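Asker: The opening residue of the sequence shown carries number -14 in the numbering used here; numbering runs sequentially from there.
You may find that some hints are simply not true.
Claimed, not checked - Here are the simulated distance ranges between beta carbons:
#: 1; residue 1: Leu280; residue 2: Asn301; range: 15 to 23 Å
#: 2; residue 1: Phe178; residue 2: Lys115; range: 42 to 50 Å
#: 3; residue 1: Ala50; residue 2: Lys250; range: 21 to 29 Å
#: 4; residue 1: Asn252; residue 2: Ser95; range: 21 to 29 Å
#: 5; residue 1: Pro47; residue 2: Val302; range: 18 to 26 Å
#: 6; residue 1: His316; residue 2: Leu188; range: 44 to 52 Å
#: 7; residue 1: Ala139; residue 2: Arg181; range: 36 to 44 Å
#: 8; residue 1: Leu185; residue 2: Leu280; range: 44 to 52 Å
Claimed, not checked - Straight-line distance between alpha carbons at most 25 Å, and here's what the computed DSS-like set of lysine-lysine pairs gives:
#: 9; residue 1: Lys279; residue 2: Lys156
#: 10; residue 1: Lys156; residue 2: Lys250
#: 11; residue 1: Lys115; residue 2: Lys250
#: 12; residue 1: Lys76; residue 2: Lys115
#: 13; residue 1: Lys180; residue 2: Lys94
#: 14; residue 1: Lys276; residue 2: Lys156
#: 15; residue 1: Lys180; residue 2: Lys89
#: 16; residue 1: Lys76; residue 2: Lys20
#: 17; residue 1: Lys115; residue 2: Lys279
#: 18; residue 1: Lys89; residue 2: Lys20
#: 19; residue 1: Lys276; residue 2: Lys250
#: 20; residue 1: Lys159; residue 2: Lys276
#: 21; residue 1: Lys279; residue 2: Lys250
Bear in mind the hints are in silico, worked out from the structure with no lab data behind them.
Being a predicted model, the structure only gives us computed values, none of them experimental.
The beta carbon of each residue, even a glycine, is placed where N, CA and C say it ideally should be.
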Amino acid sequence: MTAKNQWKLLALGLFMAFGRYPISWLLSSHRKVRKPGILPSRSRGHLSCSSGNIYYVELDGPQDAQAIVFLHGLNASGLQWYYQRAYFRTKYKLVFIDTPGHGKSPLGKSLATEVLANDLAEMMEMLGIKNPVVYGHSMGGMVTMKYAGGPGRANVKGIILQHSGYSHPFKTTKFPKTLLSIEHPFLRSYLAFAKRHPVLFRLISMLNYLNGLSLLSYRYLLFSGEQTASQLRFMTRIAAINPPEGIADAFLGILDFDATAELEKINVPALIISADHDPILVPAAGSYLAKAIKLGTHQQVDSGHLSLMEHAVELNVMVNNFLESPGLLDHRGD
-14 MTAKNQWKLL ALGLFMAFGR YPISWLLSSH RKVRKPGILP SRSRGHLSCS SGNIYYVELD
46 GPQDAQAIVF LHGLNASGLQ WYYQRAYFRT KYKLVFIDTP GHGKSPLGKS LATEVLANDL
106 AEMMEMLGIK NPVVYGHSMG GMVTMKYAGG PGRANVKGII LQHSGYSHPF KTTKFPKTLL
166 SIEHPFLRSY LAFAKRHPVL FRLISMLNYL NGLSLLSYRY LLFSGEQTAS QLRFMTRIAA
226 INPPEGIADA FLGILDFDAT AELEKINVPA LIISADHDPI LVPAAGSYLA KAIKLGTHQQ
286 VDSGHLSLME HAVELNVMVN NFLESPGLLD HRGD
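Working from the sequences, and respecting the hints, build out all of it.
Answerer: If you want it as structure tokens, here you go:
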């Protein structure tokens, strides 16, 4: 092998191992923002539900304070709430739950949203949590709707739905016809294949994270361009660690999601948040939810699907105003 070819091979190897760094720098803003990371919890452990699903749960904040339960989105984990955790942990009791097959929760028995909502009701009872505010992002918001309009109706105090649709997720995107046309002939078969061959997809996922290729899709699918390089790498790393068979199972679960029947049963204050630059969910979905939920309020942020990280300061103030609003405080006593 010639010296020139050796240098080319070395350059290729370096890109495959560290490409995420230059790509994240090129794709991101250079704002001075605190880097996301892992904060210590007050307690942590696993809870087993009657469905057979096992959940990893972390608790933070004062034991006797108002509880906020955080439900993350698809292919994420409780770690996505770094900025919300840092902001609210001194005043509220915080509960972070990893969906089965995500984060530190093992693969699940069923990831249908109805099952996850029933599991959430069981976990609230196990933890002795009364009148929580349930805060769901994307897929987590879908579970929140099922919970608040179903098994959690007698317990929930309020809900926050961030970038969450109310029915089949493809019907509320920017390209509904295209995505719906490929669901049955291609996407469901692809997800079933991923469940059968997880080792292959684990390898692909990790390689694409290391070389930075997955950062490209995350930048344009989930962010608006104002994210920092560390935020982009942080969220992409969470996805790379998640087991692909668990993500495929969860994706299949939300493809069967429809909460239109539950919306009229939700009778608690609801903050609905949508984003201007979110290709996954059009703002009209947020407007629909605010009308369908009796006590719903719709607000919009100038961000992408991961506004909870990209514009955390603005978002946390918005959420805090909702938590301190008379409508929520007076709705149900602790």
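Asker: Broken hints, numbered, in rising order?
Answerer: none
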